[in-house]
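Undergrad: Modelling step: build the complete structure from the supplied sequences, incorporating the hints.
Protein chains: 2
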Amino acid sequence: MKEKLVGALMFGQSGGPSSVINASAAGVFTEALKHSDCITKVYGLAHGIRGLLDEDFYDIGQEDEKELLLLKNTPSSALGSVRYKLADPKKDDTDYKRMLEVFKKYNVRYFFYNGGNDSMDTCNKISKFMKKSGWEMRVMGVPKTIDNDLFGTDHCPGYASAAKYVATTTMELKLDATVYDKPMITVIEAMGRHAGWLTAASALACTKGLGPDLIYLPEVPFTKEKFLADVKAKYEANNGKVMICVSEGIAGEDGVLIAEKMNENVAKDSFGHVQLGGVGQMLATLCAKEFGCKTRGIEFSLMQRCGAHLASKVDVEEAFKSGAQAVKYAVAGRTDKMVVIKRDMSSGKYKGKMSAVPLKLAANTEQKIPQEWIINNGTMLSQAYVDYALPLIQGDCKAPLEDGLPRFAHLKKVQAGKKA
Amino acid sequence: MKEKLVGALMFGQSGGPSSVINASAAGVFTEALKHSDCITKVYGLAHGIRGLLDEDFYDIGQEDEKELLLLKNTPSSALGSVRYKLADPKKDDTDYKRMLEVFKKYNVRYFFYNGGNDSMDTCNKISKFMKKSGWEMRVMGVPKTIDNDLFGTDHCPGYASAAKYVATTTMELKLDATVYDKPMITVIEAMGRHAGWLTAASALACTKGLGPDLIYLPEVPFTKEKFLADVKAKYEANNGKVMICVSEGIAGEDGVLIAEKMNENVAKDSFGHVQLGGVGQMLATLCAKEFGCKTRGIEFSLMQRCGAHLASKVDVEEAFKSGAQAVKYAVAGRTDKMVVIKRDMSSGKYKGKMSAVPLKLAANTEQKIPQEWIINNGTMLSQAYVDYALPLIQGDCKAPLEDGLPRFAHLKKVQAGKKA
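Protein chains in written order, with the working numbering: chain A, 579 to 998; chain B, 579 to 998.
Note that these hints are calculated values from the structure, not bench results. Incorrect hints may have been included.
A pair counts as met if it fits within one copy or between any two copies, since identical chains are not told apart.
Stated by the list, open to error - Below, in silico cross-link-like pairs of lysine-lysine (PhoX-like), each with a Cα-Cα straight-line distance of 20 Å or less: (1) K976 - K891; (2) K991 - K786; (3) K644 - K786; (4) K580 - K927; (5) K682 - K786.
TA: Here it is in structure tokens:
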């Protein structure tokens, strides 16, 4: 236990929303408010580091505890998010100096940042700069990403709820899409630019006999020819009923996105400047042409990342705990770390344990699906993936109903910074 | 109470699936199996009247009761659906004679058909033909449609669950789509070719402060000019954050779908024969061009009609009851009717009561949203709509979880007909 460090805590949310990023906020806030002997104020940044640079933040101590706990089941980023890439401080340290100024002005001694790869890079840079500047502070990263591609953690808070959305909805769609006694090719598109974790979750539906026949991930180079041959084999085996799940990020050997390749020759300047659908819709259309049957492209779009009504209980609880653990670590003297989840199977049953890794390891490193988990000539996930993912989607946990609709958190957002 | 009629019952599902069409099947089956004194066999038709014409049906008496009850929470049509328009019997009675032959062969005295407008037309034609032929039988329609456009009923089983999906998901999307401190126009597309009931359900999200700013229904002629002016006003009032919900079926004064109008000049024969997104995506692209900001088109696609994990308890129970009530009516001697739901507010609280109307009234009549419920110059729903719809989406009712995923019904489907 290091010496007690007394001062304010600042917390920000960054990157794309998830169903449980607010659960981590609830974990940070409720735990921080317990440590009033060292954490004198708890601030929530409006729009991440944008709020830090602009002195735009809220006094979380003014919020009702009930509302803070409702954050556990409120999707998206309640404080607002941001995508802002900090410069290399060796080239331009303007932003860093400004942050230091704000930290000093409000005696901020705890800085926590919640996000994915880019956000951990931001957090790491701030941590290193403040250390070099001699401003004593404890900096912690709290992991979050539906993409599940953060390095150093077994999985990321946010992934399991999105995976549960993908698996459950795929099961429902399978029942719907096979209802007529006619051929039908359905192509579902899930998020994932570089890693196919979310698309892979459709394989969980296969364990119930209601999954896709073919899965395409960014981890496997995609060719139109192999795709059509794969579909043809399934089409013939299943009386023309084929369900396919693809990642938005599938790409050719050359690394160029299939969506871009297929877009190339399309008129760009027609009436209404019609924008094309995603790669799922494009492949559905390709199949319609090739097989002459009905097809449908379905995009899970933002629903997969904000569908908190389908959140996993394990995920909500781990997201909350990872936030609370960040506070405990920092109060105990740790800094420059990202909280991670370790898989503990010692009891024979899955248990998630909190731990921490150096921030610089988590920053900008992508974790993809192991190649050995991708089977059937690159079109399906193995049992090893199912064993990995299934424990994470257990249990339901959603907002209470009010008039039949979710009762999400209402924050007062009492301004604490001197916003310009 | 009419004389007892002894014979088999045949039940078929028709038209597009819904989250609760199987709940009606569960109601028919469990009630019918109680009346073995007059209902000697309970048959489930594979793919609606296709199964009748092909002698392709299942012996429901062989199913486990537990699985029949799980149908209450299993989306889509477990028996398979069909879209098959019967000829006018005056012009061509081939199909009708074939049906009569099958009814006689299996001594079918009860025929129940579950579906929307077209299905009630089918049911009505069969009822009239069999009466004319002198084959004594009791024919009942069981209403089903997410479109909520069936005549003679306060609302249709299937609507409320789809409406709950639309309202809940719109709330989640609103939180997600407004998370960055930048302009963003989101256009959500809901189903509804001729009636805007499903799109209207997004107005329920407004009651929680998380709804769309603008709603466009097929009931109101659409012009691009007014649309852009409406969006501009909201864009300026809300710092560039605008959410819009549109029906797939919005059309101009001339009745031509906007989706078709916007499609007109787009290259149709490019690489991969790329198919265009729906009208939501098109309007999002139009806004991107007009306002120069980020936009996103989101389609609820099949999820809105098969998202049984978000089913309304009121809807599931009414769907079940309407199936059971059809059996009770028929056993008591009624025929040539469709079961309907009447709204009973006599206790001050909503209560749905079962009743019946002549089949011919329900066939092919569309019920649209009353014009007086459409306010704000055709862009919003009134409190009268909210008062109508909110009682219908109350309560949750979904399949039990198994491994964190829904446990849907597994039917044995023991073949009973002499399928060719």
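Undergrad: In ascending order, which of the hints set out earlier in this document are inconsistent with the structure?
TA: Hints 4 and 5 not satisfied by this model.
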